[in-house]
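Q: Sequence:
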Amino acid sequence: MREIKFRGRRLDNGKWESGDLLENQGRNFIYHATSESTIEDNDDGHIVVVAVEVDPATVGQYTGLKDKNGKKIYEGDIINWLMHRMDRTGYIEEGRVEFRTNEQATVVINKFTTKDGRESVRNILNCLNDLKVIGNIHDNPELMKGGDQ
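End of the sequence shown sits at 231 in my numbering; the numbers just go up one at a time, nothing left out.
Among the clues, some could well be false.
[Unchecked claim] For lysine-lysine, the following BS3-like pairs were computed, each having C-alpha atoms within a straight-line distance of at most 25 Å:
{"no.": "1", "residue 1": "Lys97", "residue 2": "Lys87"}
{"no.": "2", "residue 1": "Lys97", "residue 2": "Lys153"}
{"no.": "3", "residue 1": "Lys227", "residue 2": "Lys153"}
{"no.": "4", "residue 1": "Lys87", "residue 2": "Lys153"}
{"no.": "5", "residue 1": "Lys97", "residue 2": "Lys154"}
{"no.": "6", "residue 1": "Lys148", "residue 2": "Lys87"}
{"no.": "7", "residue 1": "Lys87", "residue 2": "Lys227"}
[To be verified] Cβ pair distances, simulated, as ranges:
{"no.": "8", "residue 1": "Asp212", "residue 2": "Asn106", "range": "20 to 28 Å"}
{"no.": "9", "residue 1": "Lys214", "residue 2": "Arg182", "range": "15 to 23 Å"}
{"no.": "10", "residue 1": "Gly172", "residue 2": "Asn106", "range": "28 to 36 Å"}
{"no.": "11", "residue 1": "Arg109", "residue 2": "Asp212", "range": "37 to 45 Å"}
It is worth saying that the hints were derived from the structure and are not from the lab.
Beta carbons are placed, not taken as given, at the ideal position from N, Cα and C, and that holds for glycine.
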């Protein structure tokens with residue numbers, strides 16, 4: 083069973099938080115966050131976890147997968163991986179991670195479109211070899227700039 087966890091950028095200071103997601107009246111909060119900035123010790127020795135408001139546009143769910151360096155992969159991450167050709171040569175592919183309900187899977191949207199303008203979509207499980215998180219669409223949108231193949 084995979085861990086259900088979310089990540090979002092705080093509205094007050096722009097830092098990333100991860101933990102459980104609470105949606106209330108159009109506002110999004112991350113609570114039980116792992117960042118030390120959200121944990122406060124009170125006088126009786128108990129730890130109190132404070133919910134922090136995050137930008138809803140930056141919220142992404144943890145995929146349950148990690149890259150080759152052990153980094154957790156979230157929706158909105160930009161990843162790259164090594165593709166192998168039949169002649170035993172390889173090349174690097176890049177794309178953004180997204181959950182698509184029509185495929186009922188976490189997919190990678192390749193940064194390059196096909197010649198007829200369609201997105202190149204592949205199931206993330208088909209490219210786990212040498213997978214590496216190189217950024218995310220919020221902090222590094224320039225990584226998704228591409229062109230036609």
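Q: Look at each hint and say if it fits the structure.
A: To see whether the hints hold, each was checked on the structure:
1. Lys97 - Lys87: holds, 17 Å
2. Lys97 - Lys153: Holds - the C-alpha atoms of Lys153 and Lys97 are around 17 Å apart, at most 25 Å.
3. Lys227 - Lys153: Distance of about 23 Å is within 25 Å: holds.
4. Lys87 - Lys153: Between Lys87 and Lys153 the Cα gap is close to 14 Å, so the pair holds against 25 Å.
5. Lys97 - Lys154: Within the cut-off at roughly 17 Å; holds.
6. Lys148 - Lys87: holds, 13 Å
7. Lys87 - Lys227: Roughly 28 Å between the alpha carbons, so the hint for Lys87 and Lys227 is violated.
8. Asp212 - Asn106: 20 to 28 Å: violated, 40 Å
9. Lys214 - Arg182: 15 to 23 Å: holds, 22 Å
10. Gly172 - Asn106: 28 to 36 Å: With a Cβ separation near 47 Å, Gly172 and Asn106 fall outside 28 to 36 Å, so the hint is violated.
11. Arg109 - Asp212: 37 to 45 Å: Cβ of Arg109 to Cβ of Asp212: about 39 Å, so the range 37 to 45 Å holds.
In summary, the structure is inconsistent with hints 7, 8 and 10 from the numbered list given earlier, while agreeing with the others.
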